[in-house]
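Q: Chain B: place on chain A using the hints.
Protein sequence lines correspond, in order, to chains A and B.
Everything in the first sequence is counted per our numbering, starting at 97 for the first residue and increasing by one.
Everything in the second sequence is counted per our numbering, starting at 97 for the first residue and increasing by one.
Among the hints, erroneous ones may be present.
Since the list gives no way to pick one copy over another, a pair counts as held whenever it fits inside one copy or between any two copies.
[Said to hold, decoys possible] In silico DMTMM-like pairs for lysine to aspartate or glutamate, Cα to Cα no more than 25 Å straight-line:
hint	residue 1	residue 2
1	Lys-347	Asp-109
2	Lys-347	Glu-107
3	Lys-264	Glu-520
4	Lys-221	Glu-152
5	Lys-194	Glu-165
6	Lys-377	Glu-154
7	Lys-500	Asp-351
8	Lys-102	Asp-162
9	Lys-344	Asp-376
10	Lys-221	Glu-186
11	Lys-344	Asp-99
12	Lys-502	Asp-351
13	Lys-258	Glu-520
14	Lys-344	Asp-109
15	Lys-221	Asp-99
16	Lys-448	Glu-382
17	Lys-344	Glu-165
18	Lys-344	Glu-107
Read the hints as simulated data drawn from the structure, not as lab findings.
Note that the structure is a prediction, hence the values are computed from the model and not measured.
There are 2 protein chains.
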Amino acid sequence: MTDTVKYQLNESDMPRQWYNIAADMPNPCMPPLHPGTGQPASPQDFAPLFPMNIIEQEVSTKRWIDIPEPVLQIYAQWRPSPLCRARRFEQTLGTPAKIYFKFEGVSPAGSHKTNSSVAQVYYNKLAGTKRITTETGAGQWGSALSYACNIFGIPLKVYMVKVSYEQKPYRKNIMQVYGAEVVPSPTDTTNAGRAILAQDPNSLGSLGIAIAEAVEDAVLREDTKYTLGSVLNHVLLHQTIIGLEAQKQFKLAGDYPDVVIGCCGGGSNFGGIAGPFLMDKVNGKEVRLVGVESAACPTLTKGHFHYDFGDSAATTPLMPMYTLGHDFTPSGIHAGGLRYHGMSPIISQLKKDNLIEAYAYNQIECFTDAVAFARAEGIIPAPEASHAIRHAVVEALRAKEEGKEKVILFNLSGHGHFDMSAYENYLAGTIEDVPLPQSSLDAAWEKIKGLPSAA
Amino acid sequence: MTDTVKYQLNESDMPRQWYNIAADMPNPCMPPLHPGTGQPASPQDFAPLFPMNIIEQEVSTKRWIDIPEPVLQIYAQWRPSPLCRARRFEQTLGTPAKIYFKFEGVSPAGSHKTNSSVAQVYYNKLAGTKRITTETGAGQWGSALSYACNIFGIPLKVYMVKVSYEQKPYRKNIMQVYGAEVVPSPTDTTNAGRAILAQDPNSLGSLGIAIAEAVEDAVLREDTKYTLGSVLNHVLLHQTIIGLEAQKQFKLAGDYPDVVIGCCGGGSNFGGIAGPFLMDKVNGKEVRLVGVESAACPTLTKGHFHYDFGDSAATTPLMPMYTLGHDFTPSGIHAGGLRYHGMSPIISQLKKDNLIEAYAYNQIECFTDAVAFARAEGIIPAPEASHAIRHAVVEALRAKEEGKEKVILFNLSGHGHFDMSAYENYLAGTIEDVPLPQSSLDAAWEKIKGLPSAA
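Extracted from the complex, chain A is given alone in its bound form (with noise of 0.2 Å):
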């Protein structure tokens, strides 16, 4: 065989530590808020939500961070993951760019979020919380969760959002083979919930209510503690691991990026493949980093850096970052995992700081780059990932118009596997891009622009 179509590293060149992105980003974030007293939040505010020793993963400026021999055991299952040079692909849409992508599809739940779900499962072990909760949409967070907390023996209780229990059973129906606890929120079990079905017994739930319910559950019991599957700074330290392995896959490979993209929802994928470049970036290489999101939910494209609520039920501390408003609902869009409002403190900051560029594609444009993908590779994405594969085709066309060399680096932060009524309606025909209207904008903006300014 003359043409390599994969890089794959042995178990023995896994990265042993994980970057801290943090570390060399020419402005720090702000400090999150407290919510009541809008001072800066301190370690011990989280206490109840995390164990201590995430707390100081979250507010490290350390530029490495060993992973953990166990964890390392773990990853040894599916990572590293492999580069693959989408060669088929090159040849169908006719350019003369190279395109590389990671395919982070090979873990046990299908997606990059066992990264950071087996790190922070392990760190809730060695501090000895007995049970976890989060909250769970379309179902990926939740099911990479249920893997971990079965490997260490932790129980987990998701709080899934109803609509997606009742529509998406087979994602429920993993979290069950792995063990979890899945209940459709709002339930009858927690202040939150039992508020919300008090006004309307027949609520579908949204994702607000569930990390409302979560939380609580894990606030208001001493053994239990809560995890979050993006966002945060120690979610993204995790993910890192993509962008450390793509580097020396690109070394065997004698080549390397001119753009580095990635799908942008909560921004922990785009932040693990990009971070790792970033740190290039700041000593010099010329890369471009790109994260791309949906039009239907344009965090970084059309919201503001300001201050604002991690969640809907504005419960959380106040995080300074680009956001839409915490009350702001998108379509709903098949890309479930790109429909969170706001966005990493550190991809905000990046943004601003304009090391990153941000696009924003609609969903129809994006399924049709998916199949074509499909088509050509064999891999049928996830509909988040479809996000990613668009920008890359708009980079590799702009190279054919320009006729230039150009190498794409995107991550395929998961299958579609579990998607499939999505691309059932694309076939279909019934999908549709709802426009969405300067004023919905504007209206979500006017509610958030009271709270403090990140100017």
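A: Showing chain B alone in chain A's frame:
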């Protein structure tokens, strides 16, 4: 890390030749018979169905057959597949046995089937075939063939059993994502389909009817050939890359299996992993080879070694094989790939010659072990593969009882991402083991005992 959990070969270590089991069989297979004349079928008799380069492989006794370069290039996208050590599953079982599994679920369509679909479509392309037909039940073969036809640009028509078409839309959608035409069988476009619809306009179809439609479509059109995803010699040939890789990986591990296990429907995944070890066995190495079938369709364990038709419509050449009778209809178990009345002639002959063993299990015990496996290793197995896991557990628990070290290898032929409804039923306790009375077996046998004997 001290404990290696996967043995990964590089692309450059991938086997360059398939191994032909026929070369080392102490007793060769008896010839297929022409269904009209009862005389041995000539290669020409198969020419309306298959191109001559595939027919040559079907009758070849050459030990090693080169894998064409373009096929290797496509294999390289997911091959070599990993050989994994199921360390946590061993701990769960508390066994002194070492359990290894070869994971074929990493292929684009999610199972071992792509090993043969890519090769078959390549040879058809070479022979000038302009169009391909096939049938599919559960959809594993249909999706693997859709993937391959798309790569080589050959239009594919899949006759999908109507009840599956309606109840398993996701498999249909995958085939459509890969660009195949999928129609619910029976159709009104073939004589075979029209005959059924005339009797019963609401017929939900059967694999037998779908085969008859796909064959008729191919035979009546000069430009069209038919493909089959199991049973035949050339399909087993293509699958031997599984066992050949496993042998190289065991060298890396410094180990060798005492027992090699594969689930057994038509026989191709079992033949693929066990074949190369059979070569060792006939050369004096001690290794047991175990095919595992469903107790609902116990071909090797309760069938007769006899000539029978390959399809339930009784139109194909007669094959010498273990069979339950071509009109035997197994209960509707979730492992659709194990519902075949017959068995690969090669596997059948090896069983007759006591070179392999066979066991049959009910589906509930298989799902129980599959869930235990998923909790330990993270991977959700296809229902078919759960039968191989079940027997691996039996071997591992026996080793525990006997206090013996033992090295177990099984083939994890595919993932279960498109079979979550089966897990849903299992978890809900609504899955059943339907007893198979001897009288049903006797009745099916009565109908074929007038066919030529294979004794």
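Q: Now tell me, hint by hint, if it's right for this structure.
A: Against the structure, the hints come out as follows:
no. : hint               : verdict
1   : Lys-347 to Asp-109 : both (12 Å within a copy, 20 Å between copies)
2   : Lys-347 to Glu-107 : both (17 Å within a copy, 17 Å between copies)
3   : Lys-264 to Glu-520 : both (14 Å within a copy, 12 Å between copies)
4   : Lys-221 to Glu-152 : within (16 Å within a copy, 60 Å between copies)
5   : Lys-194 to Glu-165 : between (36 Å within a copy, 22 Å between copies)
6   : Lys-377 to Glu-154 : within (23 Å within a copy, 57 Å between copies)
7   : Lys-500 to Asp-351 : within (16 Å within a copy, 50 Å between copies)
8   : Lys-102 to Asp-162 : between (27 Å within a copy, 22 Å between copies)
9   : Lys-344 to Asp-376 : within (13 Å within a copy, 39 Å between copies)
10  : Lys-221 to Glu-186 : between (45 Å within a copy, 22 Å between copies)
11  : Lys-344 to Asp-99  : both (19 Å within a copy, 23 Å between copies)
12  : Lys-502 to Asp-351 : within (11 Å within a copy, 45 Å between copies)
13  : Lys-258 to Glu-520 : both (22 Å within a copy, 17 Å between copies)
14  : Lys-344 to Asp-109 : both (8 Å within a copy, 21 Å between copies)
15  : Lys-221 to Asp-99  : between (45 Å within a copy, 21 Å between copies)
16  : Lys-448 to Glu-382 : within (19 Å within a copy, 67 Å between copies)
17  : Lys-344 to Glu-165 : within (20 Å within a copy, 28 Å between copies)
18  : Lys-344 to Glu-107 : both (13 Å within a copy, 17 Å between copies)
Going down the numbered hints, you'll see the structure goes against none, and every one checks out.
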